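**Q** Read off the chains here:
There are 2 protein chains.
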Amino acid sequence: MDAAIVTVGDELLTGDTENTNATWLCARLDDRGVDVERVTTVPDRVADIARVVNEYHAEYDAVLVTGGLGPTHDDVTMEGVAAAFGREVELDDAAAEWLQEEGYASEDLVTGTAELPAGARPLHNTEGVAPGAVVESCYVFPGVPAEMQAMFASVADEFDGEQTYIERVEAAEPESALLDRLAEVQDRFGVTVGSYPGETVTLKVTATDPEAAREAAAWLTDHVQQVDESAE
Amino acid sequence: MDAAIVTVGDELLTGDTENTNATWLCARLDDRGVDVERVTTVPDRVADIARVVNEYHAEYDAVLVTGGLGPTHDDVTMEGVAAAFGREVELDDAAAEWLQEEGYASEDLVTGTAELPAGARPLHNTEGVAPGAVVESCYVFPGVPAEMQAMFASVADEFDGEQTYIERVEAAEPESALLDRLAEVQDRFGVTVGSYPGETVTLKVTATDPEAAREAAAWLTDHVQQVDESAE
Chain A
4 MDAAIVTVGD ELLTGDTENT NATWLCARLD DRGVDVERVT TVPDRVADIA RVVNEYHAEY
64 DAVLVTGGLG PTHDDVTMEG VAAAFGREVE LDDAAAEWLQ EEGYASEDLV TGTAELPAGA
124 RPLHNTEGVA PGAVVESCYV FPGVPAEMQA MFASVADEFD GEQTYIERVE AAEPESALLD
184 RLAEVQDRFG VTVGSYPGET VTLKVTATDP EAAREAAAWL TDHVQQVDES AE
Chain B
4 MDAAIVTVGD ELLTGDTENT NATWLCARLD DRGVDVERVT TVPDRVADIA RVVNEYHAEY
64 DAVLVTGGLG PTHDDVTMEG VAAAFGREVE LDDAAAEWLQ EEGYASEDLV TGTAELPAGA
124 RPLHNTEGVA PGAVVESCYV FPGVPAEMQA MFASVADEFD GEQTYIERVE AAEPESALLD
184 RLAEVQDRFG VTVGSYPGET VTLKVTATDP EAAREAAAWL TDHVQQVDES AE
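In order, the protein sequences belong to chains A and B.
Our numbering puts the first residue of the first sequence at 4, with every later residue one more than the last.
Our numbering puts the first residue of the second sequence at 4, with every later residue one more than the last.
Next up, chain A with everything else stripped away, as it sits in the complex:
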């Protein structure tokens, strides 16, 4: 299973807000074996949201959208997602009921917030107000991190990729010195190895077979300089 994430918000594109939602969703999807192929931030504009969601829906198994739900003038994500699927937005009865239970009395606010793409499955926001929605394989979540995380958890079982197994080895050598051994371990065990330089170089072994991941990590441990050795 593969997926794309679309984060909506001018505040992300001006650098006013760090896009922690994207990183959080990427990690959860990776845990479930789902390959994230794109993460894209778009402005609070209906046409931009619609274009990108439409393209990704055609290409990937699932699209996850966050941000831009609610009653303010720049909350246009539901309109954008509706347009991506050639639908209108309409008042969702379940969503309107949730809002009234939360004490939202104003007709205007309830209507603005409870309008979802026609035929969407509404998602309850247990940590806040604005409801989410599922349209075919497109999931729309709020932008507030706690709300998004709780709503993702309520549908997490619907994201089911090939389970992968991960092992990590720390190397006390420059990344450039490791190239031949990284190529060799990938060939030898049929695994994928990423190298992430920091104070040491983290080698991340990923495999669909847990035994292959463990054997590749053991081979790397024998063949690269260990962090402990170099600390002496």
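The set of hints was computed from the structure by calculation and includes no laboratory data.
It is possible that some hints are incorrect.
Copies of the same chain look alike in the list, so a pair counts if it works inside one copy or between any two.
[What the hints assert, rightly or not] Below, in silico cross-link-like pairs of lysine to any residue (SDA-like), each with a Cα-Cα straight-line distance of 25 Å or less:
hint, residue 1, residue 2
1, K207, G164
2, K207, G89
3, K207, R48
4, K207, T167
No experiment lies behind these values; they were computed from the predicted model shown.
Once you have looked at the hints, place chain B on chain A.
**A** Chain B in isolation, oriented as in the chain A frame:
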């Protein structure tokens, strides 16, 4: 002037690394009055990089690409950017010289790192090793934040948008209660106002005329409940 940012790296798509480069570049471009229209993360794959860079080059005034430079097997950004422009990569003499000055002796490493899209303008990496490049209006920077930041600074003058002026007002009212006044201040002063809820609601006024920004902020200060008042 508008722009798109493309960040390259599997480690971003698995949530192993927070995409701080994108946020940093967005803020610098916003400071210079450049509208960032897209921020997209793509995997370390030539075809994906090429497709996205090609699309954004056709649509936006500038494309900024970060990550995936260097000698390891998954550093394929230069090939991807070259393919986006229908070019080959070729050894750049200036880039090779910089690497040799850094003490890179191995022929293989120099070649792998100093190959840039044919006809590109090389960019010196003053904080690290892998050179960057400019191809038409596409800027390619390293992924290591300190290296990317220094390299962006060396070409920052080439990003020149319409100067905008920003004022911020903190409101001690729920965002939903502010809707009418946000609409009114935008109409009245011809400014854009974003609202960012947190402990208080930050209202960010943006205008091309500094006087309009100040007047709108003063109007908001008079018409919304202030944080100090509510603290009493």
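**Q** At most 25 Å between C-alpha atoms: does K207 with G164 qualify within a copy, between copies, both, or neither?
**A** within (19 Å within a copy, 41 Å between copies)
**Q** Within a copy, between copies, both or neither: which one fits K207 and G89 at a CA-CA cutoff of 25 Å?
**A** neither (42 Å within a copy, 33 Å between copies)
**Q** Cα distance capped at 25 Å. Does K207 pair with T167 within a copy, between copies, both, or neither?
**A** Classified as within; 12 Å inside a copy, 44 Å across copies.
**Q** Can you tell me if K207 and R48 fall within 25 Å by alpha carbon in one copy, between copies, both or neither?
**A** between (38 Å within a copy, 18 Å between copies)
When held up to the earlier numbered hints, the structure conflicts with hint 2 and nothing else.
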